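Line order of the protein sequences matches chains A and B.
Residue 63 in the working numbering sits at position 63 of the first sequence, and the numbers go up by one each step.
Numbers in the working numbering are just positions in the second sequence, counted from 1, shifted up by 1000.
Mixed in with the good hints there might be a few duds.
[Stated by the list, open to error] Output of the computed footprint for chain A on chain B, the stretches with three or more beta carbons under 8 angstroms from beta carbons of chain A:
id: 1; segment: 1058 to 1068
id: 2; segment: 1114 to 1127
id: 3; segment: 1140 to 1149
id: 4; segment: 1158 to 1168
[To be verified] Distance windows between CB atoms, simulated:
id: 5; chain 1: A; residue 1: R334; chain 2: B; residue 2: E1120; range: 46 to 52 angstroms
id: 6; chain 1: A; residue 1: R354; chain 2: B; residue 2: D1250; range: 55 to 61 angstroms
id: 7; chain 1: B; residue 1: D1250; chain 2: A; residue 2: E279; range: 32 to 38 angstroms
[Stated by the list, open to error] Using 27 angstroms as the maximum straight-line C-alpha spacing, the simulated BS3-like pairs for lysine-lysine come out as follows:
id: 8; chain 1: A; residue 1: K48; chain 2: B; residue 2: K1167
id: 9; chain 1: A; residue 1: K46; chain 2: B; residue 2: K1167
id: 10; chain 1: B; residue 1: K1274; chain 2: B; residue 2: K1246
id: 11; chain 1: B; residue 1: K1047; chain 2: B; residue 2: K1274
id: 12; chain 1: A; residue 1: K173; chain 2: B; residue 2: K1246
id: 13; chain 1: A; residue 1: K112; chain 2: B; residue 2: K1167
id: 14; chain 1: A; residue 1: K112; chain 2: A; residue 2: K46
id: 15; chain 1: B; residue 1: K1047; chain 2: B; residue 2: K1246
id: 16; chain 1: A; residue 1: K48; chain 2: A; residue 2: K112
To be clear, the hints were calculated from the coordinates, so they are not data collected in a lab.
What you are looking at is a predicted structure, and each value in this text was computed from that prediction instead of being measured.
C-beta: ideal position from N, C-alpha, C; glycine also.
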Amino acid sequence: MSSDFFIPDPEGLIPSAEGYFGSFGGTFIPEALVAAVDEVAVAYAKAKADPAFAAELNALMVDYTGRPSALTEVPRFAEHAGGARVFLKREDLNHTGSHKINNVLGQALLTKRMGKTRVIAETGAGQHGVATATACALFGLECTIYMGEIDTERQALNVARMRILGAEVIAVKSGSRTLKDAINEAFRDWVANVDRTHYLFGTVAGPHPFPAMVRDFHRVIGVEARRQLLERTGRLPDAAVACVGGGSNAIGLFHAFIPDAGVRLVGCEPAGHGVETGEHAATLTAGEPGILHGSRSYVLQDDEGQITEPYSISAGLDYPGIGPEHAYLKDTGRGEYRAVTDDAAMRALRLLSRTEGIIPAIESAHALAGALEVGQELGEEGLILVNLSGRGDKDMDTAARYFGLYDIDGEVAADAEGEPQS
Amino acid sequence: MTTGTHTGTIGLLGETFARARSEDRAALIVYLPGGFPTVDAGIEAIKAAVAGGADIIEVGLPHSDPVLDGPVIQTADDIALRGGVRIADIMRTVREAYEATGAPILVMTYWNPVDRYGVERFTAELAAAGGAGCILPDLPVQESALWREHAEKHGLATVFVVAPSSKDERLATITAAGSGFVYASSLMGVTGTRESVGEQAQDLVGRTRATTDLPVCVGIGVSTAEHARQVAGFADGVIVGSAFVKRMLDAPDERAGLTAVRELAGELAEGVRKR
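Bound conformation, chain B alone (with noise of 0.2 angstroms):
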């Protein structure tokens, strides 16, 4: 199954936007927590969100202290951290992920699990499995220097977040070290699902339009095809995660739950094309 040594794929990130934009559309970004509910089934559960539409994903490296997510999350993390899920299963999964779909796939983590690792071994590492790139919502730019300079080397994307509380100036400092796309929070709150996307969106992804040209994308409390059609509306991307894992928890067995998640991700990608 495994193949050989890729590079980072950096570059299928610009191809996937560009292309979702060719379509008049955005493109739907799908986090998937790795080792959950197992190593295997996670890896499967990224093939059928890519099944049913996904356009890039983002897998979880399960931390210990995820102080960004809610509860739905923290219950994904805590299962695949008790299955006993390593770096080395994560890799697997990216690579995976990327010899079946072809996908962007992208790593979300905390800071701590890389630091410790080493730098160099994980950004080469994720970049040898066909990574896209890494998102790491407590590693703010001004202690990201070190970070850039491993991932840049190997081909990576260093996708910031940006929240509605970024002043403008800030705004600049950011969308200028980063790459791939910018990761926007639709409000101030931790991952999980709400009933609406906030106000505050839409303010956020033109204020940090005025600042780059990287696609700007839209995450944390976007759950439904309604919201997904809302924010597809301003934003150049649509990013679901937890209400993909509450329908994997929610399942009677992995098989449903698959289904359930190939299911949503069509429901999406439907709603990503109705702006």
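Chain A on its own, in the form it takes in the complex (with noise of 0.2 angstroms):
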């Protein structure tokens, strides 16, 4: 079973050697990272050849995060998706609380393999941050975490879960102040402390070879799914649905069906206020091709290329850009992308959390309102796979500020059952 864990991806042929899926993908970065995204590259290749590597990786994934996840059959959610069948994929039980720590590990494990002392990251909902954090504590590596300072203040209980962790957090001021932003200033300090910094970047965008190397890390999820479910069910599902921000979990849910033509790949941007009200995050519905952060994919921008300042209610997924494989599944037609707008989303986070006993992050509520739309488009005979990639602890503060659950001067919350307050 251990062999489950870290499976490089079979065919080899997606990305090029260049790292091009499709027109999708390449290595658009300054001259002075060039030979330390090529260490990276080299770090990567023999890693993954090495079975000592995998052995390592998967004894943390068992000891340490806790694989394989559980599939849980949600009955009572199902009864509003149409009467089909939903499992979740429980990434929210992993240690730290999402799959994020899927792909911290094993470039934690890298980072020790090319000698390097020190790891940054960016974090937008902060999982990927307090992921990574973690793995610095284990590890013993000096860990600097860049956080857009809106993201900070709206999830701020994880800025403390990374400040416990003992890595210093720097909230990014500049820009828009979120994900984005927080990648930039991620990248100026790589530029400046490459020598002895590995640059832990957390989606599957960013420069040839991290969109690859990231969802390798990840599609562990997609592949113990698979079985899980064929053991549970007798058949693999009609549809697999995720959240999709930068794109890792979705990628990781995703890769293992892709040779399964039967199976659609449903991506949940964020639509945010709508995606008509151009305050949304939905980068595939609305983007255009251009090159952010490393590579070429779906970008929000305008007529000129600025990237334009994306919206959505979930920190984790307030993101303009997108991986570039999902560009190519896009592209290719065989992954497909719909947007979901904040208040969707909100009322399946409250919807699960009340049938079923899990209250999910805010970015795979996302995923959960797609289900509720799939499910309606199959009906009672459709099985639905739905990555639950995160759990919503983080996010008690933005719910009980939508749905008004704090009690304000005296007068006791309404219990949620009434439209949002925001």
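Got two chains here, separate frames each, mind docking them using the hints?
Now the structure itself:
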């Protein structure tokens, strides 16, 4: 079983040697980072071929992360999904509370192999930052996390977690003060400190080899879920559904199903207040091909290539780019991407909490809302697999404000049945 | 003010470096963000820099996500973008600066604005404005074939950045593909003023020279006349940007900003002559 946990892309064809998925991907980085990115690519290629690396990572995934993660059927939730059966892949039960730990442990091991002593990372919701701070504590690495100032406010709990774990958290005040700007600042740090520093990139975007490497570390999600679902139901799902910010949990779920032509791969992007309002982060739905953070993919931008400021209630999805492999899946038609509003995601968050006793992250709630729609499309014969990529503890302040759950001025709050107060 | 259509002025770069060499000095290259503080004031700043002694100008096309720029140039870019600067404004800046000064004018920007605008359209318009070439710090040589094809067609230089981390073999690949001059980063880091010029700069210039006859110029972290003097001792050109922007940001008004630009250019021009 342990051999399931780390399986690099078996075909080895995608991406190309230059890091292209069709016309997406590549390496658009300052010359000062070329040697460092090459070093990562070489180190990863060696690690992939080394059984000792897989053994070490697999042992961590079992003993530290708690893999394999559970697959939970949610029948009371599914009553709202057109009668389709719905299964959740419980990445929320991993150590640190999300899928992010899968990639972080892989890259932390790689950091040690490269002989680097310092790790930097960006974070949006804080889940990648917490996972990175965790791995750095485990391996004795120095850790600096860049986080947009707005995100440090809406995810204050995760800031505290990172600091407890010994990481330095830097609030980024430039640009839109969210994930995109945290990445810019992390790149600036990397250029200046590349000798001893690894940039532990948190999603399947960035320059080659990050999109392929981060995907490989997350493939375990889909590999496990595919086997678990076959054991439980005797068949493959009609749809695999995941939320998409940068795209790491989605590619992790999708990848094992790409050869299964009958399985729809459904990515749920954040529509924010609605794509038509312009206040969203639905990159594949509303973006155009362009270059952001080291690779060519879809990007939210204006007609002269300035990146536009995204919006989502979910800090983890509030990003104007998307991993290049998702752009490739979209353009080839293998993947389908739809946009889910803040309101639909928050309703799904509440629904899962009340029907199944599972509070999802707001990010993952976008996938749940998408699954409700897909269930209506499939009807009673449908079988849906949803990646529950993270748990909702970190989002309770946002949710309490959204639903008006705080007692204010002696007034006892409503019970979240009413309409949102925002 | 605007006159006819020009062609790319890559040839002016060669002439400028030859003149500096004949005067036994390094060339002074000044970076100024286009559209900062306004489009017209930005053009005046270029004229002031040339009047003070700048030989070559790099006009920044502001980008929302300038990953190789430090806080000073980020601030200027933000001001320019909030002011609504467009690529057409940058083309006008190049044209008016070239027509007013006769100096080689390059554009420095990131790849996405060029890619989005269209490489052919961008290079054709830059050449027609009298531009000399482009520096695209996030377009490494292995991704640059399309750009170079169009730049060459329109008589524009492709100036690549090399870094202390660039290995010798890679330096050879980069300089073989580049034209105009080579931009050697004095240190590992983003743009901004520093206390001193990195020791790595001289080593990098030497390793780069071993691969090419192109002039090798040093930038990033070069900000004072003393830095200029040091760098002029081993390089063909001295590139200064953030120090100018900082003086403009600190100036109480536009007129004082222009005076400051002219003065700093004058100090640096003396520096490059004292090697």
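Going down the list of hints, with the structure as the test:
Given a C-beta distance limit of less than 8 angstroms, the hint that chain A covers the segment 1058 to 1068 of chain B holds, as 6 residues qualify and 3 suffice. Counting residues of the segment 1114 to 1127 of chain B whose CB falls under 8 angstroms from any CB of chain A gives 4; the rule of at least 3 is met. With 3 residues bearing a CB less than 8 angstroms from a CB of chain A, the segment 1140 to 1149 of chain B meets the requirement of three and the coverage assertion stands. With 8 residues having a Cβ less than 8 angstroms from any Cβ of chain A, the segment 1158 to 1168 of chain B passes the three-residue criterion, so the hint holds.
For the pair R334 (chain A) and E1120 (chain B), the supplied restraint of 46 to 52 angstroms is violated, since their beta-carbon distance comes to about 32 angstroms. Roughly 58 angstroms separates the CB atoms of R354 (chain A) and D1250 (chain B), a value that falls within the hinted 55 to 61 angstroms. In this structure, D1250 (chain B) and E279 (chain A) meet the distance hint of 32 to 38 angstroms, their C-beta atoms being roughly 36 angstroms apart. Distance check on the hinted pair: K48 (chain A) and K1167 (chain B) sit about 25 angstroms apart at the alpha-carbon level, within 27 angstroms; holds.
For the hint linking K46 (chain A) to K1167 (chain B), the alpha-carbon distance of about 21 angstroms falls within 27 angstroms, and the restraint holds. With a C-alpha separation of about 24 angstroms, the suggested pair K1274 (chain B) and K1246 (chain B) falls inside the 27 angstroms cut-off, and the hint holds. A C-alpha spacing of about 24 angstroms is found between K1047 (chain B) and K1274 (chain B), which places the hinted pair at or below 27 angstroms, so the restraint holds. Among the hinted pairs, K173 (chain A) with K1246 (chain B) is consistent with the structure: their alpha-carbon atoms are about 19 angstroms apart, no more than 27 angstroms.
With a C-alpha separation of about 23 angstroms, the suggested pair K112 (chain A) and K1167 (chain B) falls inside the 27 angstroms cut-off, and the hint holds. With a CA separation close to 13 angstroms, the supplied pair K112 (chain A) and K46 (chain A) stays within the 27 angstroms bound. Between K1047 (chain B) and K1246 (chain B) the alpha-carbon distance is near 18 angstroms, which keeps this suggested pair within the 27 angstroms criterion. Restraint check for K48 (chain A) and K112 (chain A): satisfied, since their Cα atoms lie roughly 15 angstroms apart, inside the 27 angstroms limit.
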